[in-house]
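There are 2 protein chains.
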Amino acid sequence: MVVEWTRRAAEAGADLAVFPEMMLTGYPVEDLALRESFVTASARTLLATAELLAVERLGGIAVVTGYLDRRQDLAPRVGRPAGAPVDAAALLYDGKIQATTAKHHLPNYGVFDEYRYFVPGDRLPVFRMPADGGPVDVAIAICEDLWQDGGPVLAARTAGAGLLAVPNASPYERGKLGVREELCVRRAREAGAAIAFVNMVGGQDELVFDGGSLVVDATGATVASGPQFTDALVVADLDLPAAAATPPAGTEPVDAGDGTTITIHRLALEDLGAAERWPVTPGRGEPGDPGAGLTSEPPQGPPGGLAEVYAALVLGTADYVRKNRFRSVILGLSGGIDSALTATIAADAIGPDRVHVVLLPSRYSSGHSIGDAEDLVKRQGLTARTIPIRSVVEAFEAELPPIDGLAAENLQARVRGMNLMTLSNQEGHLVLTTGNKSELATGYSTLYGDSAGGFAPIKDVPKTLVWALARWRNEQAAGRGETPPIPENSISKPPSAELAPGQLDSDSLPDYETLDALLDDYVVRDMGAAQLVAAGHDPGLVERVIRLVDGAEYKRRQYPPGPKITPKNFGRDRRLPITSRWREDLGR
Amino acid sequence: MVVEWTRRAAEAGADLAVFPEMMLTGYPVEDLALRESFVTASARTLLATAELLAVERLGGIAVVTGYLDRRQDLAPRVGRPAGAPVDAAALLYDGKIQATTAKHHLPNYGVFDEYRYFVPGDRLPVFRMPADGGPVDVAIAICEDLWQDGGPVLAARTAGAGLLAVPNASPYERGKLGVREELCVRRAREAGAAIAFVNMVGGQDELVFDGGSLVVDATGATVASGPQFTDALVVADLDLPAAAATPPAGTEPVDAGDGTTITIHRLALEDLGAAERWPVTPGRGEPGDPGAGLTSEPPQGPPGGLAEVYAALVLGTADYVRKNRFRSVILGLSGGIDSALTATIAADAIGPDRVHVVLLPSRYSSGHSIGDAEDLVKRQGLTARTIPIRSVVEAFEAELPPIDGLAAENLQARVRGMNLMTLSNQEGHLVLTTGNKSELATGYSTLYGDSAGGFAPIKDVPKTLVWALARWRNEQAAGRGETPPIPENSISKPPSAELAPGQLDSDSLPDYETLDALLDDYVVRDMGAAQLVAAGHDPGLVERVIRLVDGAEYKRRQYPPGPKITPKNFGRDRRLPITSRWREDLGR
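So the protein sequences, as listed, match chains A and B. Just so we're on the same page, the numbering used here is the position in the first sequence counted from 1, plus 18. Just so we're on the same page, the numbering used here is the position in the second sequence counted from 1, plus 18.
Calculated from the structure, these hints are not laboratory results. Glycine residues also receive a C-beta, built at the ideal position from the N, C-alpha and C atoms. Just to be clear, a hint being listed does not mean it is correct.
Listing some non-contacts, in silico: residues in chain B with all C-beta distances to chain A over 12 Å [to be verified]:
#	residue
1	W23
2	E74
3	K341
4	G385
5	P406
6	A470
7	A486
8	E500
Restraint ranges, calculated between C-beta atoms of paired labels, are given here [said to hold, decoys possible]:
#	chain 1	residue 1	chain 2	residue 2	range
9	A	R601	B	L251	27 to 35 Å
10	B	A325	A	S384	56 to 64 Å
11	B	A239	A	A552	31 to 39 Å
Model the full assembly from the supplied sequences, consistent with the hints where possible.
Shown next, in the form of structure tokens:
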């Protein structure tokens with residue numbers, strides 16, 4: 019990948035190519051960072067890449083790329099073992115690794131656990147490279163280094179760098195693109211340097227990296243920007259200040275150069291007081307803290323927020339399927355909106371011919387359910403079949419003692435889940451789970467029933483947003499003169515699990531506008547009961563919903579992963595004990 | 019709890035009562051630490067406890083207890099927000115909170131994530147309390163503060179404290195008791211002070227806190243020790259040196275006393291250079307680092323290691339049932355050793371009358387399977403029933419396209435799981451999952467089949483240890499003149515999943531002695547492929563087992579929790595991505 023894209027950069031006339039954080043390993047690597055063989059493989063791949071670039075006659079381009087390494091040239095400090103893993107970046111040039119550096123600010127909140135894995139860097143490499151208008155100084159910082167005050171940004175200014183190259187692995191959440199852009203503008207002005215913000219693209223388990231790379235000049239003006247959700251070469255022609263004749267202020271000269279080749283200097287971050295900074299506590303909303311996103315403000319991104327969310331779900335699903343080497347998916351189609359949207363996302367991700375759907379009617383399925391499901395199949399050209407569950411349910415009932423209520427409802431959902439799992443085992447499809455975030459929050463789902471599956475595309479999508487995305491997808495199609503993929507009736511009819519006669523979601527849950535607003539405050543903003551009531555939520559509902567959410571932790575623990583799109587997803591972002599006597603007190 | 023046990027301490031003549039870390043909240047609280055209402059509730063409960071102690075005429079006993087608080091009297095430092103959560107301890111006396119402190123060394127490896135939640139303390143409180151031989155100085159440190167070199171232990175020495183009171187929440191793992199004892203001896207000598215090591219008791223999700231509290235004098239001699247796995251009052255009569263006439267060296271006097279009541283001093287840890295210490299990187303095996311346990315040495319604990327492990331499994335199971343308010347459990351009985359041991363643990367945990375077992379014979383179940391299961395039921399007096407799965411399997415097969423191989427095997431396992439879940443929903447039992455660690459490692463289990471359930475008692479028990487525990491439990495019974503609870507045939511027969519005719523585990527897996535040794539090196543010690551081969555494992559088997567283990571990550575992600583007993587369990591201890599292209603290279 020690095021060699022291939024460096025060639026494209028060379029063809030576009032680039033002197034410098036910057037790649038994302040942990041480009042060689044993917045992110046997050048989790049406990050693989052603690053496995054010696056894995057770290058060694060990353061370090062070896064870096065060396066091989068440097069050599070291959072030279073073999074491919076690309077040694078004359080400076081390449082900055084993220085990778086995983088162990089502590090090497092970084093000065094040892096008390097209590098920090100030598101050889102501990104670092105979230106590293108390297109400068110490759112002339113077939114060699116010219117300089118390496120390690121991320122200084124390690125995020126350890128939300129979905130990030132970097133204190134578990136890494137020790138921080140304490141040197142900022144500044145390299146002097148030849149350019150048309152004379153040599154320029156380029157500094158390297160990594161991801162969180164840009165989000166936190168002080169440290170590398172300040173160091174880049176002190177060093178007088180003309181450009182700050184920043185490899186990133188910044189996961190998508192709604193509206194974050196705009197936040198990143200504002201950050202780059204602010205930091206460019208603070209550093210007095212242009213910034214190349216280069217972000218990873220692709221899905222890995224529950225994270226979707228959305229790209230949206232960006233180059234701003236030292237005044238904060240955007241010079242170039244890349245698309246979201248797709249690999250791209252972003253080319254920027256920067257007019258950088260020529261480097262001073264003497265090495266950058268405060269640096270230790272490592273190599274002396276004549277301006278025709280690359281030379282390296284390193285700035286000790288301790289000298290700037292930055293090394294004393296304590297890791298930011300999660301969710302405190304400090305300026306420059308991405309935890310500030312936890313306040314769940316409305317998206318500040320570009321208009322078309324629904325397009326962005328939808329693209330994240332499609333990429334997350336496509337990459338889970340592809341990277342785990344599945345060729346097709348299978349899911350149950352109920353005629354309702356959740357499975358309709360999930361099937362549509364899957365069809366957009368891997369093509370409708372590879373989306374297998376199963377209609378699993380029960381004795382309680384209404385005529386419109388089957389009709390709506392068949393309509394969706396026809397609109398999209400999905401591969402469909404019907405497997406009635408009645409006879410299996412009856413076979414269970416014949417062997418079991420009399421069952422009723424939830425047990426009887428769950429049994430139907432589980433027979434459906436088991437049919438899908440059996441077809442998955444026999445035919446090799448990945449089972450997609452169709453539950454939304456509102457259901458997952460309240461436990462309105464059946465363990466091993468509708469929650470069965472390997473990946474859950476709309477796991478982090480509240481029900482109200484499910485409807486909005488369905489409408490948006492239909493409008494998009496209509497605007498292009500295509501058949502809207504989702505039957506209007508699936509969007510407009512009142513939601514029902516159809517596990518009992520005449521059952522509606524509204525029998526057991528409040529309307530979804532009210533519920534989703536409350537869930538956002540409780541789950542995403544982490545407000546306590548008294549705060550929720552003070553914020554205007556109905557006290558009775560607050561009590562009931564908190565009880566539902568807290569009581570469903572065991573179900574969430576066994577739920578498959580799905581793409582994160584909100585500031586706090588169920589999964590890496592929100593971690594609670596199952597066993598807990600704590601109950602929120604309404605203060606009444 | 020604090021008031022009740024303080025009364026018992028008073029009745030035993032105590033002047034000082036020490037409780038575990040996070041006594042008021044339990045441990046770990048995970049993201050509840052970030053919820054304002056929860057932290058406030060903990061802080062309020064502390065105050066209420068102090069007042070209640072006075073009301074109950076227990077104000078004259080000094081009480082040290084762990085709890086959750088937010089940063090208060092701790093001096094603010096750059097980048098550490100005020101009001102951030104701390105893992106705290108308090109001294110209660112005379113109806114008031116006399117002093118508070120916060121854990122200084124925050125563990126962030128293995129099962130611990132304290133950098134996500136807490137900021138560290140930087141003051142060591144030393145309090146002077148009246149005693150028979152004149153006033154004595156007592157210092158407070160918390161759990162990890164004792165495991166790490168420097169910091170509070172050194173500060174206690176500098177302060178000239180006679181006793182170091184240490185609240186702990188130290189989770190069980192095999193052989194850790196002996197490690198803790200050695201630690202206390204070493205630290206007592208270093209600090210020149212007696213140590214009261216007070217550990218939590220009880221199960222919470224996948225952790226079991228085993229108690230085993232300990233009091234050693236300043237020479238390291240054990241003065242008193244408490245039992246494992248059960249709440250107990252440990253009384254020690256210590257002959258402590260009288261406090262110096264002047265306040266302890268290096269402390270800031272907070273209150274001046276005349277020796278007849280408690281006075282407080284605080285020692286700044288920065289002055290000892292301890293605050294600069296970087297959090298220990300996981301698994302590096304530094305001296306005093308509990309990560310050293312990751313080397314999986316043979317238990318150093320007392321003889322009778324099997325008794326200890328068995329007790330941990332029983333307590334973990336009993337507390338999961340009780341604390342989650344279940345009254346009974348249900349599990350499938352196959353006649354094999356895993357379900358037999360799980361049923362026995364459950365019967366020992368909550369009584370055989372509350373253990374419901376279901377025989378779920380299929381067309382492939384052998385006569386001895388049913389016989390062995392029935393024998394176990396009779397030996398223990400469990401509540402049993404039989405639900406054949408054949409008719410349901412046939413009903414599925416009638417609706418589905420032809421299935422074979424794994425799909426047909428998994429279907430049987432899932433019909434069993436679904437029967438148990440339906441009975442759970444109808445009758446309110448907790449479903450116990452019967453899989454062992456060797457199965458979970460290699461993926462030799464069916465998602466939503468035998469892996470269905472809320473709690474998995476032997477999840478962290480390798481198959482060879484399953485047999486050893488079963489034999490041990492039978493011998494214990496025989497030694498007491500009781501009927502051995504587990505049929506000998508379940509222990510001695512070759513293991514089989516019985517999902518196909520004549521199937522044996524040995525058809526698809528190597529013998530369990532070989533497999534478990536390899537799994538221990540790969541999973542617990544985190545050795546790479548080349549290291550495994552160098553350690554003497556068969557290269558072909560290494561390749562195959564690594565492929566199995568890596569490929570089963572998605573199954574483990576949806577598995578229920580179970581009690582940790584080894585240095586590295588599947589769960590909080592070992593965290594890997596599902597989506598990963600990395601494959602270990604054998605270097606051949």
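For this structure, which hints from the list above don't hold up?
-> 3, 5, 6, 11
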